[in-house]
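Asker: Using the sequences and the accompanying hints, generate a full structural model.
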Amino acid sequence: MPISLYNTMSRSVEQFKPISDETVKMYCCGPTVYNYAHIGNLRTYIFEDVLKRTLLHAGYKVTHVMNITDVGHLTGDGDDGEDKMEKSARESGKSVWDIARFYTEAFFKDFDALHNLRPDITCKATDHVADMIALIQRLEKGGHTYVAGGNVYFSIDTFPDYGRLARLDLNELRSGARIDVDDNKRNPKDFVLWFTNSKFGEQAMMWDSPWGRGYPGWHIECSAMSMKYLGEHFDIHCGGIDAIPIHHTNEIAQSEAATGHTWVNYWLHGEFLLNDTGKMSKSSGEFLTLSVLTSKGYDPMDYRFFILGGHYRSQLKFSWQAMDTARTARGNLFDRIAALKAGAAPAKSLGEAASRWCASFDEHVFNDLNTPRGLADLWGLLKDDTISPAEKLAAAYRMDTILGLGFESLSARQAEESIVDDPEALALVARRVEAKKARDYALADEIRDKLDAMGYAVKDTPDGTRLMKKM
RNA sequence: GGUGCCGUACCCAAGCGGUAAGGGACAGGUCUGCAAAACCUCUAUGCAUCGGUUCGAUUCCGAUCGGCACCUCCA
Numbered sequence: 008m009p010i011s012l013y014n015t016m017s018r019s020v021e022q023f024k025p026i027s028d029e030t031v032k033m034y035c036c037g038p039t040v041y042n043y044a045h046i047g048n049l050r051t052y053i054f055e056d057v058l059k060r061t062l063l064h065a066g067y068k069v070t071h072v073m074n075i076t077d078v079g080h081l082t083g084d085g086d087d088g089e090d091k092m093e094k095s096a097r098e099s100g101k102s103v104w105d106i107a108r109f110y111t112e113a114f115f116k117d118f119d120a121l122h123n124l125r126p127d128i129t130c131k132a133t134d135h136v137a138d139m140i141a142l143i144q145r146l147e148k149g150g151h152t153y154v155a156g157g158n159v160y161f162s163i164d165t166f167p168d169y170g171r172l173a174r175l176d177l178n179e180l181r182s183g184a185r186i187d188v189d190d191n192k193r194n195p196k197d198f199v200l201w202f203t204n205s206k207f208g209e210q211a212m213m214w215d216s217p218w219g220r221g222y223p224g225w226h227i228e229c230s231a232m233s234m235k236y237l238g239e240h241f242d243i244h245c246g247g248i249d250a251i252p253i254h255h256t257n258e259i260a261q262s263e264a265a266t267g268h269t270w271v272n273y274w275l276h277g278e279f280l281l282n283d284t285g286k287m288s289k290s291s292g293e294f295l296t297l298s299v300l301t302s303k304g305y306d307p308m309d310y311r312f313f314i315l316g317g318h319y320r321s322q323l324k325f326s327w328q329a330m331d332t333a334r335t336a337r338g339n340l341f342d343r344i345a346a347l348k349a350g351a352a353p354a355k356s357l358g359e360a361a362s363r364w365c366a367s368f369d370e371h372v373f374n375d376l377n378t379p380r381g382l383a384d385l386w387g388l389l390k391d392d393t394i395s396p397a398e399k400l401a402a403a404y405r406m407d408t409i410l411g412l413g414f415e416s417l418s419a420r421q422a423e424e425s426i427v428d429d430p431e432a433l434a435l436v437a438r439r440v441e442a443k444k445a446r447d448y449a450l451a452d453e454i455r456d457k458l459d460a461m462g463y464a465v466k467d468t469p470d471g472t473r474l475m476k477k478m
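Final position of the first sequence in our numbering is 478; the numbers increase by one with none missing.
What you were told as hints is all true, and nothing was included just to trick you.
Below, in silico cross-link-like pairs of lysine-lysine (DSS-like), each with a Cα-Cα straight-line distance of 27 Å or less:
1) 131 to 68
2) 444 to 476
3) 131 to 235
4) 390 to 355
5) 101 to 116
6) 476 to 303
7) 390 to 466
I should point out that these hints are in silico values taken from the structure, not numbers from a laboratory.
Answerer: The following block contains the structure:
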């Protein structure tokens with residue numbers, strides 16, 4: 008079954024055809040590790056993970072590369088802002104290297120908790136400065152650069168196709184450009200490849216280069232590292248939608264100017280997660296991380312389920328109500344799966360009905376990653392009375408290859424419930440059990456009310472009375 | 001100013017030319033001493049408004065109204 012993907016370059020859904028029949032080469036823009044990732048950032052990694060899993064499910068091998076930006080991109084407007092890593096280091100009193108290491112670990116903790124498959128290659132910008140320098144030299148040789156004010160710039164006028172991805176109108180840009188503080192630029196859209204002249208003095212991270220001691224520009228690392236690990240022409244490059252007009256536009260310019268040919272075939276971009284006030288941001292507003300969610304009693308899979316419920320190219324509005332909905336639905340789903348696991352082993356092969364649900368699932372997800380529709384197929388499968396538990400389980404596992412909710416490693420819901428160790432509550436439960444045995448239901452109900460007031464819920468199940476803390 | 005997106009039931013959210021997926025919530029039911037949980041059933045003659053194209057439009061085109069994002073480190 009063919010996979011169709013929306014390519015930002017053509018602004019249309021295209022049938023995916025890899026360069027090589029076997030291995031799909033995919034590069035994803037990774038985190039800048041100067042702070043925790045917020046759940047909006049994490050949405051994009053889930054989208055990329057679904058993309059990767061879909062390719063794997065379709066039978067491709069995938070080489071997935073992701074960068075870790077541990078050279079601070081700058082904070083301010085234009086090329087003269089303060090280095091983010093520097094700022095973070097200064098504020099916390101740690102070295103920039105410590106900061107980078109700390110947040111890289113924190114990032115992967117969240118990444119793993121969300122069941123994202125690790126990239127095959129994770130590459131740090133600071134390990135590849137030599138590759139960046141080599142690429143800049145190549146551009147220099149091709150006449151695409153100029154030095155001004157101590158910095159090396161990329162001249163977009165040497166690359167006629169500049170701005171195609173973002174559909175920028177260059178004439179428009181030139182006349183309507185904002186006030187540009189950098190007088191060194193020949194064209195306001197030119198960008199820095201190598202800095203030796205920082206407005207903010209000595210940086211902690213500096214390297215020697217043919218142009219003097221300094222540090223790389225913001226975009227060059229992705230070009231240098233992706234080409235190093237995936238070659239000069241590869242299949243997929245993805246990231247957040249905000250990367251289109253500047254970051255990816257500049258990456259394309261410098262990469263294709265260097266090689267003289269097409270760099271990437273498919274450009275995929277994930278939409279933003281919004282909150283009440285608009286987009287989530289590290290620099291303003293509420294800073295929601297995965298650990299904030301888990302501290303409020305949500306499972307990382309609640310968040311993944313929530314994200315899977317919206318299409319990756321649509322803005323999705325975060326709310327606590329939406330998280331509650333996701334938690335309930337995911338809980339119901341896990342209960343069904345757990346019940347199936349308790350009663351049957353997954354079937355070796357699928358019958359017609361189960362196969363039909365799987366085919367429908369594949370069709371929907373292969374069509375530009377329509378996970379909301381895929382989830383509907385999963386529910387349809389689970390509610391289909393004509394299918395045996397063993398087949399349901401096998402089919403659900405198949406779907407989970409893409410959904411990544413972790414059905415195979417899941418245990419029953421009881422295990423997730425917090426264990427009550429309050430002696431007073433436990434004593435009350437014991438008294439209630441006695442009261443029930445004596446058919447004194449008035450007392451039993453009274454005790455239930457009392458426990459309720461204490462924040463506990465009592466459930467009588469076939470296996471006995473259970474007590475749990477209310478959320 | 002430029003680029004792009006959205007407005008579908010109480011809420012979230014698919015569908016994008018052939019007569020409205022799914023989840024949550026609500027309600028009813030089965031079960032239960034009662035509850036809870038679970039399971040079953042039900043919930044839009046309708047897809048912002050007004051025109052147009054079409055045998056047929058939620059889906060295409062135009063206008064209007066109302067939201068939003070990106071263009072600045074940002075997923």
